Amino acid sequence: MMISLLLTCNKAETLDSMQCYINSPSYSIYESLFDEIMEENRDILQPFAYYVMTENQVINNNELYEQIVCCAITLGAEVDRKMQNYFEVDDYMKGILLSSIADNVLFHASKELYQLIYNDVRKQNMMLTKRIEPGTSSLPITAQSWVLESIKEQEAVALTLTSGYMLNPTKSMAYCYGAGRNLIYTPIDHDCSQCDHVHCIHRKINVTIQKLGEVDRVYSVKNGSNLLTVLREVGEPIHANCSGNGTCGKCKVRIVSPKLPISMNERQMITTDEIEQGYVLACYQNLVTNIVVEIEEQNAEILSDFDIPKVKENKYSWIRIDGLKKRPEDSESAVDLIAHHLGKDYNYSLSALRKLSNLFNQQPFEILERDERHVSDLRKESGSFYGIGIDIGTTTLALALIDLEHKQVCSVYKCMNPQKVYGADVISRIHYTSNHTDSSLRDVIQNSVLVGIRELLDKYQVQADDIMEVAVVGNTVMQYLFAGINPCSLSFSPFLSTDLGQIKVSFIELFQNPLLTCDVIILPGLSAYIGADILSGIYATELNDMEGNYLFIDIGTNGELVLKAKGKMVSAATAAGPAFEGANITFGMGSYEGAIRSAQDYEGHIKLNVIGQGIAKGICGSGLIDLMAICLNRGLVDETGRIINGQSIPVTMGNEGIVLYQSDIRELQLAKAAIAAGIEVLLLECDCTVDELDGLFLAGGFGHHLNMESAIRIGLIPEGLKNKTRIVGNSALAGSVRYLLERNAEESLKQLAHGCKYIELSNNIMFYDKYIEGMNF
Amino acid sequence: MKLLTDISEMLQKGKINDVKALTQQAIDQGLEASVILDSLLDGMGNIGMKFKNNEVFVPEVLIAARAMNGGLQLLAPLLEAEGVEPVGKVVIGTVKGDLHDIGKNLVKMMMVGAGFEVIDLGVDVSPEKFVTAIEENNADIVAMSALLTTTMTNMKAVIEAIEEKGLRDRVKIMIGGAPVTESFAKEIGADRYTPDAASAATTAKELMM
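As you go down the protein sequences, you meet chains F and L in turn. By the working numbering, the letter at position 620 of the first sequence is numbered 620, and the numbering carries on one by one without gaps. Count along the second sequence from 1, then add 777; that gives the number in the working numbering.
Read the hints as simulated data drawn from the structure, not as lab findings. Owing to the predicted nature of the structure, the values given are computational and were not obtained by experimental measurement. Each residue gets a CB set at the ideal place from its N, CA and C atoms; glycine is no exception. Some hints could be false.
[To be verified] Simulated pairs of lysine-lysine, DSS-like, Cα-Cα distance not exceeding 30 Å: (1) F:K259 with L:K829; (2) L:K797 with F:K82; (3) L:K827 with F:K204; (4) L:K790 with F:K82; (5) F:K326 with F:K380; (6) L:K792 with L:K906; (7) F:K11 with L:K827; (8) F:K11 with L:K829; (9) L:K866 with F:K222; (10) F:K11 with L:K790; (11) F:K82 with L:K906; (12) F:K222 with L:K827; (13) L:K792 with F:K82.
[To be verified] If you want the ones that stay clear, here's a sample from chain L, every Cβ over 10 Å from chain F, calculated: (14) K829; (15) R843; (16) R945.
[Said to hold, decoys possible] Restraint-style ranges between C-beta atoms, simulated for each label pair: (17) L:N823 with F:V451: 29 to 35 Å; (18) L:P972 with F:Q84: 52 to 58 Å; (19) L:N823 with F:A158: 44 to 50 Å; (20) L:P972 with F:E13: 56 to 62 Å; (21) F:D43 with L:D805: 44 to 50 Å.
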């Protein structure tokens, strides 16, 4: 039987196969030429296939093959003629492109045929071997004629062989599979690593990923693939602070085998010892051979501590419905009857109506009212109901499952933000988005959230149906990437945001996944750089409702500041730079195992506190501030930030110990000066002084470990706040939880955003004066 | 001369319209067709070098060749009127039993780009057909392509047919294709083996010296 296969041709693959790469100047020419040729030749590119099962005769002495499946696919003779026509008029571009298109169509058709045959063979309780191609070591080229003849015995195939065993028409393939009941399970069509065609442009190579305590995983990737790209695609948590630009040196991995050549640039970023052990920078390695790579699991400290915020009025309440009955003479619906009974109209979701239609005749029952206007759920008996708060940080992701009835945290899920492989900070991720058309950044974060939700539901045995709402906070860029809104315009002046209001969307529409059926609320922000995470933090700490003057600081990649003083609320974002998260610092790292978290000077002896208690591998933000303060106290660095003796200060012993360089100190000076200056500008704006402040809220993971004395010593935090500081933990997540619990939270957040003035610092002259002043220690 | 170097440069960038316009300008200024042709050949030669050095890939070469053709079409009648002879005559084809034509076509393209007149016999070409074409066209070079181990032996048959006809001294023999190697060329008595289209063109030029 002749099988008509799908005409599938992938443009990117086709152009790639003729060495036309996306960065080449002629790419766009070939792209449009591709469209033109496809349009013109669609009807002559249709692939047809035949396959027949026959007794094993050729594939010698393998009795496991009970049957041989002989296959042929052809596009027919017209494509050959058309190609020839192009060449005859010297149109080489079209001729060669059509040839590549035809090859790609054949390739996809053969994959489709494999599935058909595989299913057919499985139905007969047999298994299939990998593809066996004439002209390779497993089958001589002369077998081509046997394959073709076997098909011709049963089918009328318009294919012939030349004296050199070449198929005519040329855009055709003939090959076979072995099939048998006792074959091992092999669901692979073709295995490049076993193939004779070592120079094949379609050749794939294997990347084996080894992880302690896990089964090795093998991925087939295109020859020449970049290792960082591969690791990103398979979801390995690789650091790539500079987004693969080859400058940060953080995407270091160990190649178990073979020994890969190392470039000059890599040599400057990894030590000789490490090179000896097989370390490379993933972004520099384009793979041309099978490799085994080792990935070290990094256990990060992720802050998810928060206190359940105080709630003024509950968002939800159960109302019992009993004794409602429709009278035959009236035309009221069940919804009308409930409205009359309770004295007000309610909005129902479709799922609520569905439940109502089942329950109305089984009174009494309970309705769950939300914000006094909506019906969120209906049940025979009242019971627990839940919400999920999500904080999407640039570095970390935290999800909290909340029992909304008892106002308690059931469980928290936390992980690294998987987008980190596309860059450590928001700017490098925006950069990736503007250079790529794919939706990788959205896909990876949405996937992580899905994994987190599944785990929370599983762990606490909560039914998906009992989740009422999901509230999401994050900085504006994180929220946009999560929602699939292009964040590019946030990265350059005038920092245009697409929308800063609350976004309410059904879970299914947002995730294209029916795990939950409730709504997802993406909470509002204040400006491009004071996002929902900050607004939510203020909401959680009740800053706006407190008597007195308070400062709120969240230091991450940026330092966001909010001051509530003298009846005013003002905010600003300082481009503190990622120094406090370990980027741009030679031995800098995030709060992972091995990071120096804090340091203390005990009578001339420096005591280091390392996350995980193991050997120190680097320094995270709070550790950096402690070390800086020690250096200043010991007089190793003068007030201008200059190292008195030499160019570096050793932190740990040994040849390859951790060192603070002059450049690291400069980087820290820039960051702390930006925050200090931001605080001063806000104070001036409110006509307030440090002494008048009643308190400082320190939010975020960085604030959690910050030693106030050190922070004051280096001039990051004003001295007067020493004993007035409150560590509030993950206030962004806490705010999302308050949103889930409190009545009219939507309105409250809207008013909060409205009542907070944003001050742009990038063009603020006062800020620059203070910035320069704040540079010294 | 600036105009001539511009032609060469635009050709290397694959700008067909600019090459055409500049060529017309050169013609209008009364420059000799052969001089203008040299600037086209120079551009194509440079692209060939870059290709050999892996600086550009096939797509860029194709675009440059398209630009070259644009210029050549304007020049062709003038070249004929001036009586400009091609660098040499090449008979090209894929050998019997083999239907691969992409590689052979690329060689043809590069040879035209090097100033040769190329007589293309197509694919599945028998030894007799090769011999007849060499005789009829008084060819300087015969270039054969084979992509299969089962057909590369037919190159030997062609060479034997050429020898039989007593043409071996009059014609240089070049061969190429994926399974073909330098040592295979020696073994069957071909003059040259080249690994890619660009080196085929430069080698052909060397053979004409």
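Q: Taking the numbered hints from earlier one at a time, note which ones the structure violates and give those numbers from smallest to largest.
A: The structure conflicts with hints 6, 9, 15, 17, 18, 20, although it agrees with all the remaining ones.
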